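Visitor: Generate the whole structure from the sequences, applying the supplied hints.
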Amino acid sequence: MGTWRLLFIPLLPVVFAKFQFSIPHPEVSASLHADVLLPCTFSVRNTKNGLKFVIITWKRNGVQLAQYKDDAIQNTSRTELLITELSKGDASLLLRNVTVSDEGDYKCEVHEAPNTRSGNVSLKVTASPKVLVKPTLLLVDKENILACQAEGFYPRNISIEWLKDSSSLPKQEPLYFKDNSDGTFSAMSYYNYTPTSSELGGNLTCRVTSGSHLRHVVEIPLKICKLTINVSPKTLMHGEEEKVTCRVDGCHFSKVTVSWKRNERTFTVVHCQGTKECESEATFMMSTAEKKEVNYSCEAEIEGLGKPLIERVMLNVQGENKPLIIITWILSAITLILFLGLAVLMAGFHYHNKSFIMSDIDVPQVIVVNKEVTMTCNFSGKRWKFEKAVWRCKAEGKQWQQIQYDDSMRSARSIESIQGRRNSEEEQTGTLLSDQETSSITFKPSEANECLTFQCQVTVVSTITGRTLTKKKEAQIKVVARDTSEVT
Numbered sequence: 001m002g003t004w005r006l007l008f009i010p011l012l013p014v015v016f017a018k019f020q021f022s023i024p025h026p027e028v029s030a031s032l033h034a035d036v037l038l039p040c041t042f043s044v045r046n047t048k049n050g051l052k053f054v055i056i057t058w059k060r061n062g063v064q065l066a067q068y069k070d071d072a073i074q075n076t077s078r079t080e081l082l083i084t085e086l087s088k089g090d091a092s093l094l095l096r097n098v099t100v101s102d103e104g105d106y107k108c109e110v111h112e113a114p115n116t117r118s119g120n121v122s123l124k125v126t127a128s129p130k131v132l133v134k135p136t137l138l139l140v141d142k143e144n145i146l147a148c149q150a151e152g153f154y155p156r157n158i159s160i161e162w163l164k165d166s167s168s169l170p171k172q173e174p175l176y177f178k179d180n181s182d183g184t185f186s187a188m189s190y191y192n193y194t195p196t197s198s199e200l201g202g203n204l205t206c207r208v209t210s211g212s213h214l215r216h217v218v219e220i221p222l223k224i225c226k227l228t229i230n231v232s233p234k235t236l237m238h239g240e241e242e243k244v245t246c247r248v249d250g251c252h253f254s255k256v257t258v259s260w261k262r263n264e265r266t267f268t269v270v271h272c273q274g275t276k277e278c279e280s281e282a283t284f285m286m287s288t289a290e291k292k293e294v295n296y297s298c299e300a301e302i303e304g305l306g307k308p309l310i311e312r313v314m315l316n317v318q319g320e321n322k323p324l325i326i327i328t329w330i331l332s333a334i335t336l337i338l339f340l341g342l343a344v345l346m347a348g349f350h351y352h353n354k355s356f357i358m359s360d361i362d363v364p365q366v367i368v369v370n371k372e373v374t375m376t377c378n379f380s381g382k383r384w385k386f387e388k389a390v391w392r393c394k395a396e397g398k399q400w401q402q403i404q405y406d407d408s409m410r411s412a413r414s415i416e417s418i419q420g421r422r423n424s425e426e427e428q429t430g431t432l433l434s435d436q437e438t439s440s441i442t443f444k445p446s447e448a449n450e451c452l453t454f455q456c457q458v459t460v461v462s463t464i465t466g467r468t469l470t471k472k473k474e475a476q477i478k479v480v481a482r483d484t485s486e487v488t
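Taking our numbering, the leading residue of the sequence shown gets 1, the next gets one more, and so forth.
Since the hints were derived computationally from the structure, they do not count as laboratory data.
A hint or two may mislead.
As the list claims (entries may be wrong) - Below, a list of computed lysine-lysine pairs in the PhoX-like style, where the Cα atoms sit at most 20 Å apart: (1) K130 to K178; (2) K69 to K52; (3) K134 to K371; (4) K59 to K69; (5) K398 to K478; (6) K444 to K478; (7) K261 to K243; (8) K444 to K371; (9) K52 to K18; (10) K107 to K59; (11) K385 to K472; (12) K124 to K107; (13) K171 to K371; (14) K473 to K398; (15) K142 to K164; (16) K142 to K307; (17) K478 to K394; (18) K164 to K226; (19) K471 to K385; (20) K48 to K69; (21) K164 to K134; (22) K223 to K276; (23) K52 to K88; (24) K307 to K223; (25) K307 to K226; (26) K473 to K385; (27) K276 to K226; (28) K164 to K223; (29) K134 to K226; (30) K261 to K234.
Claimed, not checked - Restraint-style ranges between C-beta atoms, simulated for each label pair: (31) A448 to K307: 18 to 24 Å; (32) A475 to E277: 28 to 34 Å; (33) D182 to T459: 53 to 59 Å; (34) S197 to V100: 44 to 50 Å; (35) K385 to T228: 25 to 31 Å; (36) T228 to K124: 50 to 56 Å.
Remember, predicted model here, so these are calculated numbers, not experimental data.
Just so you know, even glycine gets a beta-carbon here, dropped at the ideal spot from N, CA and C.
Guide: Written out as structure tokens, the structure is:
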């Protein structure tokens, strides 16, 4: 009978690792122009070999962005595989200076024979808007055309809302969008608002909400003020040096500049910051040498106000030495008396002509297609009686056309000439004259990007001589569409 022998052979323990692959975060967000890491991790089956037989490849839309193979890395100018992290099983891809065009899916593939695994990372790009509001200072009892601009945001999802005391204002218009060259967007919202005296000190707000889930919020407050600009004194003594003060107040100013101008040339300037009033003092000496027409104005440039606040003033002169003619032989020289009387009359008439002053045409800051806009022309002069005002307009390269009440071309709705109406301090606009009269037109431009020239011609009659005098002013405007290129 045979004998069985049992042979015991000791077995050495063998541990087989498992090849693993993972995309920890399938969706990643990055801010515009920032750097972002697209995650991809792995573990090899045979740790003894390290990365000797590992190939790692990143692609987008079939185009290779980076690769690790045979212990060498191939990168591009904006993508990089981090060699120090690969040995730790981290195959994440660094993407530098993210742009909107980088948004999309990226494929990470890891190969260790015979295993190959891959997965996608979706990159979302975001850009918060830069918000600008003009004007930020609103005048009481004046129509203010508000513009809130959101610039350079992505994605296109955005909301712009006008608020008063945290409540939405009524009748808000749709937004105007613009595509930017870098793939981002811009949007503009307009709103016409006329605050009343009861709203002094109150705030309006432009609220911009953006982002894929409308989570990014920016609020820009606007201030309501009742601004006044006053010149004192307005009557000077002939031949004497006197100081005249121009003062602007009615609001808390961040920055304001008050300037005196003579024939549109600045000769005195004062800068104020963080104050409720600002004034500029100038020295005048009025004499008979100033027979020619000289225009004086005080101008206030206020931070947050759409355009300068201007007061054009006439400085009256008292005590001026007038020609005194002593006639010692009245009875013997009747003809001489008539001659001298005529000479005095002509000199007075010449001075009388100079007393009639006409302002520039007051043109609104923003003129938008299909929006009614009113332009005014102010004039003033003692002993002059208003007769008529004629408004004309012409397009570039065209002939002048007189604006009639039923003129449908420019949709001119009315022409109003008002005698003797004087603006109160509450109604003062950017152009002020003492004892002023006003002519105005209201029209609705029908085409954008057209240049129009308007002319206001005023005819008055002297209450002293009965002579007719005509003066005219012109203003050129450009009608614009409601887009972001017009807000700056």
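Visitor: All hints are to be evaluated individually against the structure, with a verdict given for each.
Guide: Each hint tested on the structure:
1. K130 to K178: holds, 14 Å
2. K69 to K52: With Cα atoms ~8 Å apart, K69 and K52 stay inside 20 Å; holds.
3. K134 to K371: holds, 18 Å
4. K59 to K69: holds, 15 Å
5. K398 to K478: Satisfied, since the Cα-Cα distance of roughly 15 Å is no more than 20 Å.
6. K444 to K478: holds, 13 Å
7. K261 to K243: holds, 15 Å
8. K444 to K371: holds, 6 Å
9. K52 to K18: holds, 17 Å
10. K107 to K59: holds, 5 Å
11. K385 to K472: Measuring from Cα to Cα gives roughly 16 Å; hence the hint holds.
12. K124 to K107: Between K124 and K107 the Cα gap is close to 15 Å, so the pair holds against 20 Å.
13. K171 to K371: holds, 15 Å
14. K473 to K398: It holds: about 18 Å lies between the C-alpha atoms, which stays within 20 Å.
15. K142 to K164: Measuring from Cα to Cα gives roughly 17 Å; hence the hint holds.
16. K142 to K307: At roughly 13 Å apart (the allowed maximum being 20 Å), K307 and K142 satisfy the hint.
17. K478 to K394: OK: K478 and K394 at ~12 Å, within 20 Å.
18. K164 to K226: holds, 18 Å
19. K471 to K385: Between K471 and K385 the Cα gap is close to 14 Å, so the pair holds against 20 Å.
20. K48 to K69: Holds. K48 to K69 sits at ~17 Å (cutoff 20 Å).
21. K164 to K134: holds, 16 Å
22. K223 to K276: holds, 13 Å
23. K52 to K88: holds, 14 Å
24. K307 to K223: The given pair, whose Cα atoms are some 15 Å apart, holds under the 20 Å limit.
25. K307 to K226: Holds - the C-alpha atoms of K226 and K307 are around 15 Å apart, at most 20 Å.
26. K473 to K385: holds, 19 Å
27. K276 to K226: Holds: K276 and K226 sit about 11 Å apart, inside 20 Å.
28. K164 to K223: The given pair, whose Cα atoms are some 11 Å apart, holds under the 20 Å limit.
29. K134 to K226: Holds: K134 and K226 sit about 17 Å apart, inside 20 Å.
30. K261 to K234: Holds. K261 to K234 sits at ~15 Å (cutoff 20 Å).
31. A448 to K307: 18 to 24 Å: holds, 21 Å
32. A475 to E277: 28 to 34 Å: Holds: the Cβ-Cβ distance is about 31 Å, inside 28 to 34 Å.
33. D182 to T459: 53 to 59 Å: With Cβ atoms ~56 Å apart, the hint holds.
34. S197 to V100: 44 to 50 Å: Between S197 and V100, where Cβ atoms are some 48 Å apart, the hint holds.
35. K385 to T228: 25 to 31 Å: The hinted range 25 to 31 Å holds for K385 and T228, with Cβ atoms some 30 Å apart.
36. T228 to K124: 50 to 56 Å: holds, 53 Å
The structure shown violates none of the earlier numbered hints.
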